[in-house]
Amino acid sequence: AQSVAQPEDQVNVAEGNPLTVKCTYSVSGNPYLFWYVQYPNRGLQFLLKYITGDNLVKGSYGFEAEFNKSQTSFHLKKPSALVSDSALYFCAVRDLNTGFQKLVFGTGTRLLVSP
Amino acid sequence: EAQVTQNPRYLITVTGKKLTVTCSQNMNHEYMSWYRQDPGLGLRQIYYSMNVEVTDKGDVPEGYKVSRKEKRNFPLILESPSPNQTSLYFCASTQGEGVNTEAFFGQGTRLTVV
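Chains A and B, in that order, give the protein sequences. Mind the numbering: the first sequence is residues 619 to 733 in this note's numbering, read in order. Mind the numbering: the second sequence is residues 20 to 133 in this note's numbering, read in order.
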């Protein structure tokens, strides 16, 4: 079965420093990977996706993610964190076994950016 | 503006009292889903619909019903809510069958069953 793991419940970083939120995946076949962000009292917002092609994917709000097939990872990164980036981040993989409809989510990582 | 709208945003109810959470999308998407979000578990799919009158169970369908009579609407029905259904619920819609299409999510409904 398709699955993703987010090994860190929380990541703390100072404003202006680079940030990384980790995600590893387990899939049969080609992975179709997504990152979503959830701000307080808001729904999930799409950040970026990897389908095929360049291993470095650029997304919204200055975020990017690096796909690494050998390490089965899809870490989310940003060169310089902002306090406003503080939110809950979810990695997800498309479950092709049940049709393209289903996303399988990780447990989420809370990012706290301190001033 | 393209959006998925859920109502209500917050709901407190008592065990056994039937309730419906509505979901509507204005993007003409074929696919719609319901997820529940619980701490430490991420989001889990409850039900999904591939088009009008076509629905199927997700990972955690017990205690829930859905219907898809119109393309834009996908209500979630709890016939007899129980405290273990206290959760944050999200509706999502997706365009077409492509693996590369992202899902659009509503703002969530926080349900408390006492």
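Among the clues, some could well be false.
[Unchecked claim] Some but not every residue of chain B turned toward chain A, in silico, with C-beta under 10 Å:
no., residue
1, Pro27
2, Arg28
3, Gly59
4, Gly61
5, Leu62
6, Lys88
7, Pro102
8, Thr120
9, Ala122
10, Phe124
11, Gly125
12, Thr131
[As the list claims (entries may be wrong)] Label-pair distances were calculated between CB atoms; the ranges are:
no., chain 1, residue 1, chain 2, residue 2, range
13, A, Ser678, B, Asp57, 40 to 50 Å
14, A, Thr638, B, Ser86, 41 to 51 Å
15, A, Pro625, B, Lys88, 17 to 27 Å
16, A, Pro733, B, Asp78, 34 to 44 Å
17, A, Ser732, B, Val71, 47 to 57 Å
18, B, Ala21, A, Val701, 27 to 37 Å
19, B, Asp75, A, Ser732, 28 to 38 Å
20, A, Ser621, B, Ser101, 26 to 36 Å
21, B, Arg129, A, Gln628, 31 to 41 Å
22, B, Thr39, A, Asn659, 14 to 24 Å
23, B, Glu89, A, Gln628, 40 to 50 Å
24, A, Ser698, B, Ser99, 49 to 59 Å
Bear in mind the hints are in silico, worked out from the structure with no lab data behind them. The structure displayed is predicted, hence computed values, not measured ones. Heads up, the beta-carbon is just placed ideally off N, CA and C, and yes, glycines get one too.
Quick rundown of the hints versus the structure:
1. Pro27: 14 Å, violated
2. Arg28: 8 Å, holds
3. Gly59: Interface hint status for glycine 59 (chain B): holds (6 Å vs cutoff 10 Å).
4. Gly61: Holds - the Cβ of glycine 61 (chain B) comes within 10 Å of chain A, reaching about 4 Å at its closest.
5. Leu62: Interface hint status for leucine 62 (chain B): holds (4 Å vs cutoff 10 Å).
6. Lys88: 19 Å, violated
7. Pro102: Violated, about 22 Å.
8. Thr120: At 8 Å from the nearest chain A Cβ, threonine 120 (chain B) passes the 10 Å test, so the hint holds.
9. Ala122: 6 Å, holds
10. Phe124: 4 Å, holds
11. Gly125: 5 Å, holds
12. Thr131: 15 Å, violated
13. A:Ser678 to B:Asp57: 40 to 50 Å: Violated: the Cβ-Cβ distance is about 26 Å, outside 40 to 50 Å.
14. A:Thr638 to B:Ser86: 41 to 51 Å: 43 Å, holds
15. A:Pro625 to B:Lys88: 17 to 27 Å: 43 Å, violated
16. A:Pro733 to B:Asp78: 34 to 44 Å: 40 Å, holds
17. A:Ser732 to B:Val71: 47 to 57 Å: Roughly 49 Å apart at Cβ, these two residues keep to the hinted range, so it holds.
18. B:Ala21 to A:Val701: 27 to 37 Å: With Cβ atoms ~28 Å apart, the hint holds.
19. B:Asp75 to A:Ser732: 28 to 38 Å: 44 Å, violated
20. A:Ser621 to B:Ser101: 26 to 36 Å: Since serine 621 (chain A) and serine 101 (chain B) have Cβ atoms about 28 Å apart, the given range 26 to 36 Å holds.
21. B:Arg129 to A:Gln628: 31 to 41 Å: Since arginine 129 (chain B) and glutamine 628 (chain A) have Cβ atoms about 21 Å apart, the given range 31 to 41 Å is violated.
22. B:Thr39 to A:Asn659: 14 to 24 Å: 22 Å, holds
23. B:Glu89 to A:Gln628: 40 to 50 Å: 41 Å, holds
24. A:Ser698 to B:Ser99: 49 to 59 Å: About 51 Å separates the Cβ atoms of serine 698 (chain A) and serine 99 (chain B), which means 49 to 59 Å holds.
Comparing the model with each earlier hint shows violations of hints 1, 6, 7, 12, 13, 15, 19, 21; every other hint is respected.
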